[in-house]
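Engineer: Model the placement of chains X and U on the given structure of chain Y, informed by the hints.
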Amino acid sequence: MNEDTVLKPAPDVRFRIVDGEAVVVRQRSSEVLVMSEVAARILTLADGVRPIGAWVETLAAEYEVDRATLEQDVLRFAAELAAEGILE
Amino acid sequence: MSFGHGFLRNPDLFPARPAGEPWGDRELVLDLPGGPYGFSGLSADQEEAALARFGDLRLDSEPAVATTVFRAAAEDFLEIDTRGWEYALDFDSGPSSVRLAGLDLTGRLDWRPALRGALWTPAGSALVPEDRFPGIFENFCRVLVAYRLHELGGAVVHGAAVVDGGEALLFAGPSGAGKSTVARMALERGMTVLSDDLNALLPGPVLCGLPFTGDLDKADSRARYPLRALLRLEKDTDDRLRPLGRAETAACLLACSPFVNADPDRHAALLSTYLGLMEGVPAYALRFSLAGGMWGILPEA
Amino acid sequence: MSFSEVLRKTWRDNLLFSVLVELTYRCNLDCFFCYNALGLRGERMSTEQYFRFFDALRDLEVLNLTLSGGEPLAHPDFMKLGARARELGFVVRVKSNGHALRGEMARRLRDEVDPFLIEVSLHGSTAATHDRQTRVPGSFERLLANLREVLDLGMRVKINSTLTRWNEDEAEGMLDLADSLGLQIQIDPEVTPRDDGGREPLSIAPTREGVHRLFALQARRAAEAGANLSIAHGADDGTLPAPVEKHCGAGSAGIAVDPFGNVYPCVQWRRPVGNLHRQPIREIWTGSAGLREVREITAGAKRIVDGYGPSGSFLNFCPGSAATRTGDPLAIYPEAVLRMEETEKAFGAEKKKVLLPILS
Numbered sequence: 048m049n050e051d052t053v054l055k056p057a058p059d060v061r062f063r064i065v066d067g068e069a070v071v072v073r074q075r076s077s078e079v080l081v082m083s084e085v086a087a088r089i090l091t092l093a094d095g096v097r098p099i100g101a102w103v104e105t106l107a108a109e110y111e112v113d114r115a116t117l118e119q120d121v122l123r124f125a126a127e128l129a130a131e132g133i134l135e
Numbered sequence: 014m015s016f017g018h019g020f021l022r023n024p025d026l027f028p029a030r031p032a033g034e035p036w037g038d039r040e041l042v043l044d045l046p047g048g049p050y051g052f053s054g055l056s057a058d059q060e061e062a063a064l065a066r067f068g069d070l071r072l073d074s075e076p077a078v079a080t081t082v083f084r085a086a087a088e089d090f091l092e093i094d095t096r097g098w099e100y101a102l103d104f105d106s107g108p109s110s111v112r113l114a115g116l117d118l119t120g121r122l123d124w125r126p127a128l129r130g131a132l133w134t135p136a137g138s139a140l141v142p143e144d145r146f147p148g149i150f151e152n153f154c155r156v157l158v159a160y161r162l163h164e165l166g167g168a169v170v171h172g173a174a175v176v177d178g179g180e181a182l183l184f185a186g187p188s189g190a191g192k193s194t195v196a197r198m199a200l201e202r203g204m205t206v207l208s209d210d211l212n213a214l215l216p217g218p219v220l221c222g223l224p225f226t227g228d229l230d231k232a233d234s235r236a237r238y239p240l241r242a243l244l245r246l247e248k249d250t251d252d253r254l255r256p257l258g259r260a261e262t263a264a265c266l267l268a269c270s271p272f273v274n275a276d277p278d279r280h281a282a283l284l285s286t287y288l289g290l291m292e293g294v295p296a297y298a299l300r301f302s303l304a305g306g307m308w309g310i311l312p313e314a
Numbered sequence: 021m022s023f024s025e026v027l028r029k030t031w032r033d034n035l036l037f038s039v040l041v042e043l044t045y046r047c048n049l050d051c052f053f054c055y056n057a058l059g060l061r062g063e064r065m066s067t068e069q070y071f072r073f074f075d076a077l078r079d080l081e082v083l084n085l086t087l088s089g090g091e092p093l094a095h096p097d098f099m100k101l102g103a104r105a106r107e108l109g110f111v112v113r114v115k116s117n118g119h120a121l122r123g124e125m126a127r128r129l130r131d132e133v134d135p136f137l138i139e140v141s142l143h144g145s146t147a148a149t150h151d152r153q154t155r156v157p158g159s160f161e162r163l164l165a166n167l168r169e170v171l172d173l174g175m176r177v178k179i180n181s182t183l184t185r186w187n188e189d190e191a192e193g194m195l196d197l198a199d200s201l202g203l204q205i206q207i208d209p210e211v212t213p214r215d216d217g218g219r220e221p222l223s224i225a226p227t228r229e230g231v232h233r234l235f236a237l238q239a240r241r242a243a244e245a246g247a248n249l250s251i252a253h254g255a256d257d258g259t260l261p262a263p264v265e266k267h268c269g270a271g272s273a274g275i276a277v278d279p280f281g282n283v284y285p286c287v288q289w290r291r292p293v294g295n296l297h298r299q300p301i302r303e304i305w306t307g308s309a310g311l312r313e314v315r316e317i318t319a320g321a322k323r324i325v326d327g328y329g330p331s332g333s334f335l336n337f338c339p340g341s342a343a344t345r346t347g348d349p350l351a352i353y354p355e356a357v358l359r360m361e362e363t364e365k366a367f368g369a370e371k372k373k374v375l376l377p378i379l380s
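These protein sequence lines map, in sequence, to chains Y, X and U. Note that the working numbering gives residue 77 to position 30 of the first sequence, counting from 1, and the numbers run on in steps of one. Note that the working numbering gives residue 106 to position 93 of the second sequence, counting from 1, and the numbers run on in steps of one. Note that the working numbering gives residue 318 to position 298 of the third sequence, counting from 1, and the numbers run on in steps of one.
Everything labelled a hint here was simulated from the structure, so no lab data went into it. Please note that a few of the clues may not be correct.
Reference listing, derived: stretches of chain X covered by chain U, where coverage requires no fewer than 3 residues with Cβ under 8 Å from a Cβ of chain U [said to hold, decoys possible]:
1. 15-29
2. 33-43
3. 82-88
From the derived model, a few chain U residues whose C-beta atoms are all more than 12 Å from chain Y [stated by the list, open to error]:
4. D50
5. L77
6. R122
7. D208
8. G347
The C-beta atom is built at its ideal place from N, Cα and C for all residues, glycine as well.
Here chain Y stands alone, though its shape is the one from the complex (with noise of 0.2 Å):
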């Protein structure tokens, strides 16, 4: 996984954004799971067609953190999402 690489929520995730909070619902095992604003900020990057540097550039402008940490976090954390199956 790296900057090029693409990803989408997989198809049986379903999630919204409530309160600033990502509820996530896997509908093949019928489970619900809350994450982060984080989370939900990428989950919603997550096009299909943009790469993860894209998403890292988009969110370099909205938060105050540089950028080479922020890098590590979203790669690690769509790794995370990744292995969770929730994107694919």
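Structural biologist: Okay, now just chains X and U, sitting in the frame of chain Y:
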């Protein structure tokens, strides 16, 4: 084929109750035998189409039988090539309901316990030049009236009805038996013709024409006449009358009664109805020629 | 934050989260106790209008969209609407009688709509009883066959049932039937009047004895399974009610819409608070005086129910149902009291968690 498969894309979705979304909020009441018949849920275009056909029967009163017209989608129905296709309806009956399916039409008659009708159709736009609503509406009415008259102890009968001396003569027969011919001959003689296709036979027995005519324009279906005789038509080269027995009479009428005669829950009752109605009324097999001699041998008042 | 905390927020902060849409009142069954107001008239919603409505709900971050009716599959554009709902990322539930759920229809439902859950209605454990309710002979056998087909296609199904005088002796049979199919079943112990106030359905309300036997049965089975007790709850979306200063999420986190665009606080509360032909949903949601009043009423209902102490939740009080039954959304109706009493008897006075949710 099971019910509805010839007309409906998905017979599983056939409405089991008279409910849905009506086309509009227009209503009209028609004075047909067995009525008044009320129709609600019509769009403005549908109301106009119904009035264009039956406007002279319009009444301002409470209906005895109410029907609601609901929307259906064109996609609910199979595409049928109507060229050379003979109009038919598919029926499924039960003791307290009748279902019908046809070209752009699904319908129900339900006795809950009083009779009420429901019609679902995608048709009804004045913008569509070949819009089917007028035909659909009329065909539904034919069925509705047939069943309503049946429950009132009467019937709808195929036949040419002619007035002579204040009484009606009913020339009965299936398609091709000569009803239109008789009607034309009667008109040429200056006689009143109630109908050359469908009639209402009511307790009395009295006869009146129904506006669902074959070749003629609009019969006057409000006028009723006592039935003098039934004449079962047989085309021939000469003119002859032969009296019919009670059973032959009832059988003839049964054969000429659309819809209800094919209803396994009701045709026995219809036979009884006819036996009762025709008690004391003469009936004949009439062989007639086109020369017009038959008028001289018909029973007189 | 946990999901129940999120739900608490939606109720507290009036964040629209769940919407139930009655697409049509057309139905291919004819259940005696159906609550639909069949005489209701109005301008139907066009498919375009529904698309715009769904877009607006997505913008409001609504998660749950339940397609209902009548029979939603009988809506001519059901597949288009369901597919759009899926595209827009809703968790789609379909409330269907299951009668047409076979063959191409079932395949299309899976392929084009991919619903989170299909909720079907069971009215008895025998054909005689089930068909007596639906008034369509053969509907029971058809339902069972279709359920097998739907499950083979890999879709998720839940069974809803309502206890009535006709089927109260078949409660155990219905639980067994659900078990044999591996499906969850929720049996509601109350029959409600029709949405237009018609009381005919109440003529088959279950007896107290029948309710008692149902609860005793459920308590016994839960104890045998060692599970947390499940008590039928009226919540349509299977979510846990979160303790908040309101009795329920009607009008605060959820709404229902009828085929004519009328918006209600909940499928059971038939007080219109707006109409989609006249106003977009966002305007109704934020500006409706009716919704403001409804939110105050649900707060009032909480105070009243709390007044019953720990057993208050056993009332399973529904302000909407109260409004239909009595005209007063805050009137505790006798059926609620019966329910509380029978629940106490079966499950004890200790306050328990309610329905095992669809979402864990």
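Engineer: Each of the hints needs a verdict: does it hold here or not?
Structural biologist: Right, here's what the structure says about each hint:
no. : hint  : result
1   : 15-29 : holds (count 6)
2   : 33-43 : holds (count 4)
3   : 82-88 : holds (count 5)
4   : D50   : holds (32 Å)
5   : L77   : violated (10 Å)
6   : R122  : holds (22 Å)
7   : D208  : holds (21 Å)
8   : G347  : holds (35 Å)
Checked against the numbered hints given earlier, the structure breaks only hint 5 and satisfies all the rest.
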